[in-house]
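Number of protein chains: 2
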Amino acid sequence: MTDANPLLDDRDVAFLLHDVHDASALCALPAFAMHPKMRVMFTALADAGVLAATRPFEVGGQQLPSLVYTAASAYLCAGNSSAAGLAMLTSEAAHLIESFGSDELRARYVAPLYTGAMTGTMALTEPHAGSSLGDITTRATPHADGSYRISGAKIFISGGEHDLTDNIVHMVLARVEGAPRGTRGVSLFCVPKRRPDGALNDVRCAGVLHKIGWRALPSVALNFGEEGDCHGWLVGAAGRGLPQMFQMMNAARIGVGASAAATAYVAYQEALRYARSRPQGRALTARDGSSPQVLITAHPDVRRMLLRQKAIAEGALSLAFEAARFADLAEHAVDESERARARLLLDLLTPVVKTFPAERGFEANVLAVQVLGGYGYTSEYLPELWMRDQKLNSIHEGTTGIQSLDLLGRKVVAGGGEALRLWSEEVTRATREARAVGVEGAWCDAVDAAVGDVAALTMELGARGRSGDAEGMLAHATDYLDLMSTVVIAWQWIELAAVAHEALAGQLPRGHASCPLWPR
Amino acid sequence: MTDANPLLDDRDVAFLLHDVHDASALCALPAFAMHPKMRVMFTALADAGVLAATRPFEVGGQQLPSLVYTAASAYLCAGNSSAAGLAMLTSEAAHLIESFGSDELRARYVAPLYTGAMTGTMALTEPHAGSSLGDITTRATPHADGSYRISGAKIFISGGEHDLTDNIVHMVLARVEGAPRGTRGVSLFCVPKRRPDGALNDVRCAGVLHKIGWRALPSVALNFGEEGDCHGWLVGAAGRGLPQMFQMMNAARIGVGASAAATAYVAYQEALRYARSRPQGRALTARDGSSPQVLITAHPDVRRMLLRQKAIAEGALSLAFEAARFADLAEHAVDESERARARLLLDLLTPVVKTFPAERGFEANVLAVQVLGGYGYTSEYLPELWMRDQKLNSIHEGTTGIQSLDLLGRKVVAGGGEALRLWSEEVTRATREARAVGVEGAWCDAVDAAVGDVAALTMELGARGRSGDAEGMLAHATDYLDLMSTVVIAWQWIELAAVAHEALAGQLPRGHASCPLWPR
Chain A
17 MTDANPLLDD RDVAFLLHDV HDASALCALP AFAMHPKMRV MFTALADAGV LAATRPFEVG
77 GQQLPSLVYT AASAYLCAGN SSAAGLAMLT SEAAHLIESF GSDELRARYV APLYTGAMTG
137 TMALTEPHAG SSLGDITTRA TPHADGSYRI SGAKIFISGG EHDLTDNIVH MVLARVEGAP
197 RGTRGVSLFC VPKRRPDGAL NDVRCAGVLH KIGWRALPSV ALNFGEEGDC HGWLVGAAGR
257 GLPQMFQMMN AARIGVGASA AATAYVAYQE ALRYARSRPQ GRALTARDGS SPQVLITAHP
317 DVRRMLLRQK AIAEGALSLA FEAARFADLA EHAVDESERA RARLLLDLLT PVVKTFPAER
377 GFEANVLAVQ VLGGYGYTSE YLPELWMRDQ KLNSIHEGTT GIQSLDLLGR KVVAGGGEAL
437 RLWSEEVTRA TREARAVGVE GAWCDAVDAA VGDVAALTME LGARGRSGDA EGMLAHATDY
497 LDLMSTVVIA WQWIELAAVA HEALAGQLPR GHASCPLWPR
Chain B
17 MTDANPLLDD RDVAFLLHDV HDASALCALP AFAMHPKMRV MFTALADAGV LAATRPFEVG
77 GQQLPSLVYT AASAYLCAGN SSAAGLAMLT SEAAHLIESF GSDELRARYV APLYTGAMTG
137 TMALTEPHAG SSLGDITTRA TPHADGSYRI SGAKIFISGG EHDLTDNIVH MVLARVEGAP
197 RGTRGVSLFC VPKRRPDGAL NDVRCAGVLH KIGWRALPSV ALNFGEEGDC HGWLVGAAGR
257 GLPQMFQMMN AARIGVGASA AATAYVAYQE ALRYARSRPQ GRALTARDGS SPQVLITAHP
317 DVRRMLLRQK AIAEGALSLA FEAARFADLA EHAVDESERA RARLLLDLLT PVVKTFPAER
377 GFEANVLAVQ VLGGYGYTSE YLPELWMRDQ KLNSIHEGTT GIQSLDLLGR KVVAGGGEAL
437 RLWSEEVTRA TREARAVGVE GAWCDAVDAA VGDVAALTME LGARGRSGDA EGMLAHATDY
497 LDLMSTVVIA WQWIELAAVA HEALAGQLPR GHASCPLWPR
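Listed in order, the protein sequences are those of chains A and B. The numbering of the first sequence is the working numbering, which starts it at 17 and goes up by one. The numbering of the second sequence is the working numbering, which starts it at 17 and goes up by one.
Hints are computed from structural coordinates only; laboratory data are not their basis. Certain hints may be false.
Which copy is meant is left open, so a pair is good if it fits within one copy or across any two.
Calculated cross-link-like contacts (lysine to any residue; reagent style SDA-like; alpha-carbon spacing at most 20 angstroms) [as the list claims (entries may be wrong)]: (1) 53 to 157; (2) 326 to 476; (3) 53 to 498; (4) 326 to 128; (5) 326 to 259; (6) 53 to 352; (7) 326 to 491; (8) 326 to 363; (9) 53 to 516; (10) 53 to 511; (11) 326 to 502; (12) 53 to 254; (13) 326 to 78; (14) 53 to 212; (15) 326 to 285; (16) 326 to 453; (17) 326 to 37.
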């Protein structure tokens, strides 16, 4: 329970606000509600089975490969990242309970979440501890009935309050009293907005963040246990909160990457459509001012802007698909060594998949605005919306700085370089196969050389780390991620080029059922 | 006069809208008016003499060097780019009339504009002809009284309608009937909102663009002569519209650069202030989770983001000052050869001054948002506003693509390389002086080598152009500008380093009265 407010009595105000004047009824008015289209979109997503698409039949899922789900979700994210984001959060909250929850919790929440009858959240961040999860202070006190009483404040909780569903299931990181300091003392709790007996739990929305994008998905501050009566249930073992939450965070990071790729891609498509219909000026070589204006696709600089968007957006989307494929193999490959290999590659690529589509995708989104010129600077056209939406992707689910530390410090150096070695093998195989089907040798050579550059830089930075100069190593983590990402995307483009070459030569490669380059 | 609307009769609607129901009175209501602070800010700017700061005493100016004015305007732009922008437009409209207008026009408008009793606009852009000014179709028909009747539509006119002053003076590009096609047929007209006899001129606001930034400065579509009775007055000679307008455009381009530098700079300051007050996480080398959190300035990646902002923002501001200094010398140096030299350097640098602070400044503004993390993504904090404001600067007053063609095609190649040679001399002198006062030799060598790279690339692209492959040359114009800009900013930093070195050594250099590095 918080201290009494010295100015007005909190209980009296709450009595007047909620009991006498029914403040929450006002929130049902259109001006205070979620965008009405959100209900339409989320319902459609849920009805289509998107929330449990990759889950097994036993829990009501469609048991689809992640790769297929990622392709489908790219359309959904391009259509509306907020609706797709709420679906993803809900799906991953259910997945946590499915993986780690007690039978009772599974029976209570898994089906309602996977069908969209409830929605879920990730309640990690606290005002004083954004990326530093070991510093969270939300407390969980054991109760005689086997549950816990939760007390603390969380911020930036997407979908943390809304009127779309009657119940919201918060997956909350908190410390059981007496737990050790740091990350090892953090446990995971399931804290529903409405308790199993139907009563409202003591979870209060303390404020709405005015985000500059993703406006249909409210991001709120939540207070748990203001009245000392917030019921929560432990998920999995005490002290295992963070490792368990990483199941959700890893999926979310790949999801963010796919969403970021889709956000860059849809803006590129729109810029291309605009450029193909907008006449202005004449060819650089035209001397005759009386000739008709040309389409702006005729201007080299517009082509440069469109091609750069294409390289980023299509490369990013391919990388998101590649990561999803590794996720499928990591879990379902028949051979354990293949599963282990895929897991290492997926772990290595996760920070890249999270970051490249967000950071370079933003560059692509800015270019889409620029292609539309003055019109692009207005909210009468969509590119500025996608630009705003995209900016969130370098911040949420671990900032670019955090991803960079994860890549260089944990995935590359701490792993002794094994993941990087496996990735080099993948790239080398790709360039070899590309050469064999006739892809420009100079491109393949450049990619091979770049892999060598990454290896050399890794050795140099790793040596600094081993000599005790961790800061001398990690100060370059973001630049390292940027370099690595560029080479990763080049690898994807070599793969695209090889398959396209085969297709153009009339060879339907690798059992692909169709190819956009295949003559029809 | 436009064709009658086939659905409703335009005259009847206008009669009902304006005469019966007094639509314009509604525009005086707060919801439809300019932000009330705009009146406070613009009045303060006008009262401080900002609008005529650089103009001669004879026209009511303060005859200040452009360098001093640019320093002052950087504060104003950092405070509010919209108010400073309206001041600049007004000042430059007055300057056009001062330079090219008849005695009658000068007597009528120069003083009211320079004192802020009226405001001015640049009415160039038409919906079908953004960057392609030779394609404008607004017509001017000579009238027996010596004036013209103007007819046409303009778009993206900043300050084109507002209730701040009773009169607005539009500087309009139009074609006198029978004028040649292309840019040589374009003339400049002065078209006031209110005619000399006090009657409203036939200039209608046809719509407001919903810009994503610069919200206090309305950008509107204007229709001239819907009723066939829009009075305009020729400024200067017929067919000289574009060369005359370039006086305004060149000043505006430097003004945009200074404003862009200020917008990057103020965001950097805010991000720095935030980082110095925000604790989170621990040093990379700290193993003890129980130690207090450190300020985020302790994290190498935050320092990287702040230093990159500093390099861009302070480098850009120094370049804006350098350009202003050349503008002063180009006009007022005693020696004609020195004036000519400064003019060439100013012309060469203008597209760089316009573009680097806008493009790389935007990168800096995005980093300011990133430093604030989730908070940066909300409109509760200012960095997102500066990010939105900054994006306009790569679009208005000639897009980055247009500036790039101007630099490579016109300023470098068409000029036979003379301007580039003079600039190389400036850089070489700067690195020589820097070495002499002890600036790190490797930095000076790197800048000298980069100037060599620019020269070599210029030769290669120039050769393509001379061989008839203009497109093969100009397709690289934007990348050329990016490279050139980087070297230009490096040159500025060498100058800063040299002066700072002297100051730190206790030598008060070049008569500077103060230096932030000077021990107090």
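Tested hints:
Taking identical chains as interchangeable, the C-alpha atoms of residue 53 and residue 157 are never at most 20 angstroms apart, the minima being 40 angstroms within one chain and 52 angstroms between chains. Taking identical chains as interchangeable, the C-alpha atoms of residue 326 and residue 476 are never at most 20 angstroms apart, the minima being 33 angstroms within one chain and 28 angstroms between chains. In this assembly of identical chains, the alpha carbons of residue 53 and residue 498 never lie at most 20 angstroms apart, being 37 angstroms within a copy and 43 angstroms across copies at closest. Taking identical chains as interchangeable, the C-alpha atoms of residue 326 and residue 128 are never at most 20 angstroms apart, the minima being 40 angstroms within one chain and 51 angstroms between chains.
When the C-alpha separation of residue 326 and residue 259 is checked against a cutoff of 20 angstroms, the pair qualifies neither within a copy, at 37 angstroms, nor between copies, at 38 angstroms. With identical chains, the CA atoms of residue 53 and residue 352 are never at most 20 angstroms apart, being 45 angstroms at best within one copy and 68 angstroms at best between copies. Proximity of residue 326 to residue 491 under the C-alpha cut-off of 20 angstroms is restricted to the inter-copy arrangement: shortest distance 17 angstroms between copies versus 31 angstroms within a copy. For the homomeric pair residue 326 and residue 363, neither the shortest alpha-carbon distance inside one copy (26 angstroms) nor that between copies (34 angstroms) is at most 20 angstroms.
In this homomeric assembly, residue 53 and residue 516 never come within 20 angstroms of each other (Cα to Cα): the closest approach is 39 angstroms inside a single copy and 59 angstroms across copies. In this assembly of identical chains, the alpha carbons of residue 53 and residue 511 never lie at most 20 angstroms apart, being 39 angstroms within a copy and 57 angstroms across copies at closest. For a Cα distance limit of 20 angstroms, the shortest separation of residue 326 from residue 502 inside one copy, 14 angstroms, qualifies, whereas the shortest one across copies, 25 angstroms, does not. For a Cα distance limit of 20 angstroms, the shortest separation of residue 53 from residue 254 qualifies neither inside one copy, at 40 angstroms, nor across copies, at 56 angstroms.
Taking the shortest alpha-carbon separations for residue 326 and residue 78, neither the intra-copy value of 32 angstroms nor the inter-copy value of 52 angstroms comes in at or below 20 angstroms. Neither within a single protomer nor between protomers do residue 53 and residue 212 lie at most 20 angstroms apart by alpha-carbon distance, with minima of 29 angstroms and 53 angstroms respectively. Taking the shortest Cα distances, residue 326 and residue 285 sit within 20 angstroms of each other inside one copy (9 angstroms), while across copies they are farther apart (35 angstroms). Taking the closest pair of Cα atoms, residue 326 and residue 453 never come within 20 angstroms of each other, the shortest separation being 23 angstroms inside a single copy and 48 angstroms across copies.
With identical chains, the CA atoms of residue 326 and residue 37 are never at most 20 angstroms apart, being 55 angstroms at best within one copy and 52 angstroms at best between copies.
The structure shown violates the earlier hints numbered 1, 2, 3, 4, 5, 6, 8, 9, 10, 12, 13, 14, 16, 17.
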